[in-house]
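Student: So the number in the working numbering is just where the residue sits in the first sequence, counting from 1, plus 254.
Note that these hints are calculated values from the structure, not bench results.
None of the values given here were measured: they were computed from a predicted structure.
Note that the Cβ used here is the ideal one computed from N, Cα and C, for glycine as well.
Among these hints, one or two may not hold up.
[Unchecked claim] DMTMM-like cross-link-like pairs, simulated, lysine to aspartate or glutamate; straight-line CA separation at most 20 Å:
| id | residue 1 | residue 2 |
| --- | --- | --- |
| 1 | K385 | D336 |
| 2 | K261 | E345 |
| 3 | K432 | E393 |
| 4 | K261 | D379 |
| 5 | K385 | E266 |
| 6 | K385 | E263 |
| 7 | K431 | E384 |
[Said to hold, decoys possible] Across the chosen pairs, the derived CB separations fall in these ranges:
| id | residue 1 | residue 2 | range |
| --- | --- | --- | --- |
| 8 | K431 | Y364 | 37 to 47 Å |
| 9 | P359 | E263 | 19 to 29 Å |
| 10 | P392 | S361 | 31 to 41 Å |
| 11 | A274 | H372 | 30 to 40 Å |
| 12 | A420 | E371 | 39 to 49 Å |
| 13 | K431 | P373 | 37 to 47 Å |
| 14 | L391 | P359 | 17 to 27 Å |
| 15 | Q404 | V300 | 21 to 31 Å |
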Amino acid sequence: MQYWLMKSEPDEVSIDDALAAPRQTVPWFGVRNYQARNFMRDAMRVGDGVLFYHSSCDDPGIAGIAEVARGDGVLFYHSSCDDPGIAGIAEVASTPYPDDTQFDPESQYYDPKSTREHPRWMLVDVRAVEKTRLMTLPEMRAITELADMQLLRRGNRLSITPVTPAEWRCIMLHIKKKP
DNA sequence: GCCAACGTTGGC
DNA sequence: GCCAACGTTGGC
Numbered sequence: 255m256q257y258w259l260m261k262s263e264p265d266e267v268s269i270d271d272a273l274a275a276p277r278q279t280v281p282w283f284g285v286r287n288y289q290a291r292n293f294m295r296d297a298m299r300v301g302d303g304v305l306f307y308h309s310s311c312d313d314p315g316i317a318g319i320a321e322v323a324r325g326d327g328v329l330f331y332h333s334s335c336d337d338p339g340i341a342g343i344a345e346v347a348s349t350p351y352p353d354d355t356q357f358d359p360e361s362q363y364y365d366p367k368s369t370r371e372h373p374r375w376m377l378v379d380v381r382a383v384e385k386t387r388l389m390t391l392p393e394m395r396a397i398t399e400l401a402d403m404q405l406l407r408r409g410n411r412l413s414i415t416p417v418t419p420a421e422w423r424c425i426m427l428h429i430k431k432k433p
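With these hints in hand, go ahead and build the complete structure from the sequences.
Tutor: Okay, structure coming up:
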């Protein structure tokens, strides 16, 4: 059993989106970094613990369309973004398989160099277990036991990072109480 | 808006 | 293979 932290932009896939999905499970599409891919392809096992992290999101804007009643249209507008931080707990829910978005010319994640015979980008499914309060970066930085977390290292941009069992236990303890 | 860090690209 | 230029991520 291993532990991971996986970053998502909440205006793309948030912890709420994952909880609302069938079986509370979403494919972790869109990773286009070899190190992060290799974690999913080679190291993750079904049942591994995942910290569901919301990274800072893009500009405010219309994030969805809904219908209230009888055709009343509603545009979901994200007026501002929350701080980045851990927003929930999840688990690895599948073995690796190809990321479909790499084959779709309409997708922002399209990779013209990838083929179905030799897919370049693999992903796993992630099942949301529970939404937590937002544990922010400043809060994490203030905890001595988390000082060496890969997430907190200067210049870290990797969207998937391993978490040690000690870091996991420490975060589980802190996230259940008030900051 | 700024910028550090790091990945990718392409000329040689 | 080297490496400068450029692009992206993502916190601040």
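Student: Hint by hint, which ones does this structure get wrong, listed from lowest number up?
Tutor: 14
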